[in-house]
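Novice: Those protein sequence lines, which keep their order, are chains A and B.
Note that numbering that gives the first Met the number 0 numbers the first sequence so that position 210 is 209, with each residue one more than the last.
Note that numbering that gives the first Met the number 0 numbers the second sequence so that position 115 is 114, with each residue one more than the last.
To be clear, the hints were calculated from the coordinates, so they are not data collected in a lab.
Accuracy of the hints is not assured; some may be wrong.
[Stated by the list, open to error] Computed list of lysine-lysine pairs in DSS-like fashion (alpha-carbon distance at most 25 angstroms, straight line):
(1) A:Lys128 / B:Lys120
(2) A:Lys134 / B:Lys125
(3) A:Lys134 / B:Lys120
(4) B:Lys121 / A:Lys134
(5) B:Lys112 / A:Lys126
(6) A:Lys126 / B:Lys144
(7) A:Lys126 / B:Lys125
(8) A:Lys128 / B:Lys185
(9) B:Lys120 / A:Lys126
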Amino acid sequence: MPDWDPLQLTLRLACMTTLLLGVISIPLAYWLAYSQARLKPVVEAIVSLPLVLPPTVLGFYLLLIFSPAKGLGQWLDHWLGLRLVFSFEGLVLASVLSSLPFMVHPIQAGLANLSPSLSEAAYVLGKSKTTTLFKVLLPNIKPSLLTGLVLTFAHTIGEFGVVLMIGGNIPGETRVAAIALYDEVEALRYDLAHTYSLILVALSFTILLSVYLLNGNHFPRRLS
Amino acid sequence: MSQAVINQVVMGQAPLITLNLHQPLLSASGKMALQVKLDIASGSFLTLYGPSGAGKTSLLRILAGLMTPEQGEIVVDGQVWLDTDRGINLPPQQRSTGFLFQDYALFSNMTVKENLSFALKKGQNKTIVRELIELMELGALRDRKPSSLSGGQQQRVALARALVQQPKLLMLDEPLSALDSTMRQKLQQHLLAVHRAYGLTTILVSHDAAEILRLSNWVVELEQGQVIGQGRPKDIFSHRSVSGKFQFIGEVVEITQEGFIFIVAILIGQELTRVVADQAEVEGLVAGDRVLVASKAFNPIIQKLP
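Isolated chain A, as found in the complex (with noise of 0.2 angstroms):
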């Protein structure tokens, strides 16, 4: 029987970074779908990096700004007692920098999908930005933030690159499933590799499905 632990810490980990990516992502997403700002670009890029930057690149990095030994690392180890290197903790931080577009890109095109007409209608009702945000804007753009929220969560499960470079492979604290399978190829144990994949492939089948099933045509039929 394989270890249920890295499963276990698999879907901790992607709950919590799904949960704090959609609050941290609609204000994000408001800001890039509505700002003129000339730093918008800038931002844009930042947000997109992910997409294209191999995993093990923002977890080197990360590696290097938390290492405890100096700068910010030091500072959060001897004032917060916060060590996000080699900690669970740590790991959903990188798993929330690196699945930052996959929430922040459909919430921002939802909202700029919509009519400038309906948060006009809303303020000429004497209705603030953030009642507007959240009852009429957020309300009519359900389907992006269903796709925000489950490419998240799949993008968390199959997390790996920046995993291992910032978490390393601590049972119970960082070993996640996508590593532990790594772990049984190496040590050749191909029966609990399979089990582990297996597992992961109903997974995040049945996610995908469910949604598509729930969502109609809303769904992108590209997942990117």
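Since the structure of chain A is provided, determine the placement of chain B on it from the hints.
Specialist: For chain B alone, coordinates are given in the frame of chain A:
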């Protein structure tokens, strides 16, 4: 509508709205400046008329606070809404306006009734929602989502929603252009009814002469961002000089030559008529032109239809 209101505009006595705006615009034909100075009497039903790109919609958006002009001043009922010199610019939330958007802008996540209730101010009495649902004949549709309604029904919901806060000023951006003629007439009746019932000052953007004649009591003609004329609708549309007893405004559909004469097919309302014309009359006329069909020394027979 009473002569007094119109005179008030003409004489310049304490109007409800005074505005004076300057805003450079980019139109299809290049750069132009919206340069408008206008007094609007309380209770008037004013139409902004003119070719597309003349700045009509921009003017409405500036009034609603959805667009800020480079320079200008808007005073409504003694309250300064905009004064670029003094740095005053009330956001749309603080201007008492109702705005009917061209695409209706209904919130598709809410039912008809929820759309109206959402518009309520904090602590406002909810009876207005019920009253408007009744007045606009929306009772049977109150629990439907906007996407399941026809264009005319959506329009009525949008109009009702714009009136929930009982604004001083109602603005309509070509609200009727997408509707068929029966719907259009029904909505015109609703518009007149609410205009009177709530003592509104209404500003309508419209291209349709028949609609303007039916609804409004003052027309402001815009072209290239400038006011090129204003007056009572029938004065504006009869082009002042003709003293015909019988006159209609129509649109040229087709001009065909038959021997020495020309036959001009003209669409008046929903009726297509053919009018005989000579060379001089058709000179410069093309299909799509708006024309006045008038006849003097002509005695029509009126018969009651069964």
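Novice: With reference to the structure, classify each hint as holding or not holding.
Specialist: Status of each hint after checking the structure:
no.: 1; hint: A:Lys128 / B:Lys120; result: holds (15 angstroms)
no.: 2; hint: A:Lys134 / B:Lys125; result: holds (19 angstroms)
no.: 3; hint: A:Lys134 / B:Lys120; result: holds (15 angstroms)
no.: 4; hint: B:Lys121 / A:Lys134; result: holds (15 angstroms)
no.: 5; hint: B:Lys112 / A:Lys126; result: holds (17 angstroms)
no.: 6; hint: A:Lys126 / B:Lys144; result: holds (21 angstroms)
no.: 7; hint: A:Lys126 / B:Lys125; result: holds (17 angstroms)
no.: 8; hint: A:Lys128 / B:Lys185; result: violated (35 angstroms)
no.: 9; hint: B:Lys120 / A:Lys126; result: holds (9 angstroms)
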